[in-house]
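Let the sequences and hints guide you as you build the complete structure.
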Amino acid sequence: MTETNGHANGQSNGHPQGFVGTRQIRPDGVDKVTGRARFGADFNLPGQLIGRVLRSPHAHARIVSIDTSKAEALPGVKAVITREDFADQPSEFIPAGEMMMNYKDVVRNVMAREKALYEGHAVAAVAATSTAIARRALKLIDVKYEVLPHVIDVVEAMRPDAPLLHDDLFTVGVEPKPEKPSNIAKRVEIKVGDVEAGFKKADLIVEREFKTAPVHQGYIEPHAALATVSEDGSTELWTTTQGHFIVRAHCARLLGLDMGKVRVTATEIGGGFGGKTVVYLEPLAIALSRKAKRPVKMVMSREEVFKASGPTSGATVRVKLGATRDGKFVAAFAELKYQAGAFQGSPVQPGTMCAYAPYDIEHVHVIGYDVVSNRPKVAAYRAPGAPISEYAVESVVDEIAKKLGLDPIELRMMNAAHEGTKAAYGPKFGPIGLEETLNSIKKTEHWNTPLRKWQGRGVASGFWFNIGGETSVSLTVNEDGTISLMAGTPDIGGLRAALTSVVADELGVPYEKVRPIIGDTGSLGFNFLTGGSRSAFSGSMAIVEAAKQIKNELIARACKLWEAKPDQVEFKDGAVRPLGALAEKVKPMTIAEFAKISGKLGGPIGGVGRINAQGAGPSFGTHLVDLEVDPETGRTTILRYTVAQDAGRALHPAYVEGQFQGGAVQGIGWALNEEYIYGEDGKLQNAGFLDYRMPVASDVPMIDAILVEVGNPKHPYGVRGVGETPIVPPLGAIANAMESATGIRFTELPMSPPKVLKALKEQGRNKA
Amino acid sequence: MARVVLIGNLAQLTGGVAEFQLRATSVKQLFQQLAELHPALGPHLEEGVAVAIDGQIYQDSLFEPIGADSEVFVLPQIAGGG
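Chain order of the listed sequences is A and B.
Going letter by letter, the first sequence gives residues 240 to 1007 in my numbering.
Going letter by letter, the second sequence gives residues 576 to 657 in my numbering.
Per label pair, the in silico range of CB-to-CB distance:
1. B:G642 to A:G499: 34 to 42 Å
2. B:G591 to A:P329: 25 to 33 Å
3. A:V413 to B:P614: 15 to 23 Å
4. A:R262 to B:G623: 34 to 42 Å
5. A:E987 to B:D629: 37 to 45 Å
6. B:P614 to A:D497: 33 to 41 Å
7. A:S330 to B:Q608: 22 to 30 Å
I should point out that these hints are in silico values taken from the structure, not numbers from a laboratory.
None of these values were measured; they are calculated from a predicted model.
Yeah, the Cβ is synthetic: ideal placement off N, Cα and C, and Gly gets one too.
The structure is reproduced here in structure tokens:
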């Protein structure tokens, strides 16, 4: 279902209406459904070795010594690497997914140096002629540890007497500067207006504390890398990643390689969701290959994925929101404490900025803390930081609606950000679609369907900024007139289909005549990664530039051929067409006709788009969920779910809907079941899909998707990024539905059956 | 002159001053003028910030024009997960 607002772009900007906005078959679809598509672990090279990683069994331990001699002596072992194989890095911050990461930490995360900081932290790696030999070699590596006290919980890690992870970590963002190190890496703050004065105007203030558990992105495909390093240092790497140019940069830096000698190919990717924006195996595979002088393949087990790759933060969040008796929000405060894992860099900054972004509130103050603890370093996860803070806010918004006797959609509508609203993080919004999503939800049959006992309904809204960034694409007109499109951002959610539609429309050729591929780092200029809801937004802008070059070249050639002036011709519908009197002398010439004789007219035809895309439009969404609680078991069943989100303009509606649905399902898991469970020993107890409970198809109903299209005026087709926002509202919507079903406000995620049952028992309500 | 507002922790580097009136016509000039006024800001502006000019957010875009009456917010850099 699509609802287009009057100022959606695309119909009035001169772009032809062809394939954009239609549901074309994805060009990579056949290979994916037949099993022919090659994912990370599908790549092999002759003579390759198998790499395996030795990981710390301790949550926190000083590494006293590492003796690899016995492993190296084992027949079949060709290389062993440890901290000695990686030069230390100076403190330098670099973008990593949604947050900044420090190279000093990156080198320590890929291979522990002074200390092992979490269970699963890499301590050594081997390359051997078989998996069995590699495993045996790991057992022969003698690591002497001095086990240290550990800390897992974020609040405990903030205590002055907590075990200290880094003795050189001094809290940034506080005055005076601390004299002692702590686990609090940073304090951040967003402040507009005067919250104290604002709260004095409030007739009702609701203040609550919430807790969320760390959750993993849960991509089905584990991390995998295959590296080969030649004698002259030329390096090739195949890896499953959201950004192969970023992988190249990190590996070159960590291993002292010239970037130009490192060629990285992004394989097909079986999910990333932010978790594949950093490096784990890649530098190890290259280091092992360099040492062994043979190709090295490494694939993580699922247990390794859970223990050693980044989930997103768990957090403690305190929210205080004030409203007048008629429902106008007047002041808002929040304090966010986010786990960063073993190294600084949680998504707390975007958490602070997003917390109140959906609302027009004059006085806002949000404080955030970035806190390290003995867990794997967090990585990005869709709309990093936003689901946590917005869950807490949306829960309190719902409570205010109930206390004031207001309809929750009407309350949100009354306070909703709209064009001209000053965002809680400062600037004014341009055209945005939050009100349209609320209206769309209110009009659904879903909203008006009656519920039965133990059933509940919840609604929540959400926001994400979206980004653009550096992007390169190339378009080549082949000799037969077909078009080769090369993009440099891995296709995770239907990118090739979306971009192919744009190429087809820009050049006026059939969709089937465009063949998209994802180029390696040697084939295109730099591309920032697929993340931040940027790849379709930025890629389509770059294509418009590349297509313009082709059209201009064809016009120039036609003018030479026809001895005409540029104003006597035009490019339209895939051909250069003569205008006026010229039309009586010559016939239009198609791209294919130009391609056939391109050699005679000056050579191959093509265009490149190299841009730093700006103008990303924020995307707002509103989710509606019905659920049923079983009072005897505490199990929650999602009965019905509707997503409405502003896509600006959907290049490929099916894949935009897929983003909505996927985000909703991941949010359902986050809200109801998923959590990292640690024992007293600081070890993860549920590092597998049997015990880490993600939703499967039978757990969720069909997610209904409503495409709202309020065009982004800064994009030639009106596009907004859509991948992040859908995971923001589910947590709040489900918590609100749980309250509706049970009368209990759950303030801790996940709302798993044991917790629900316990809460029902405490209130004597655990009987049907 | 453009109204320039520092959001987040940047004002800690300016002795608490969060708002400026500057005659900058581009992001490049804006950064130069801010760094001249408060040298401690320089490395942070180079490291990466976002700039919202009249509501539109730009990142790593030094040549973006700033109007005489523009409202400019200097924000923490924004990226994302995917």
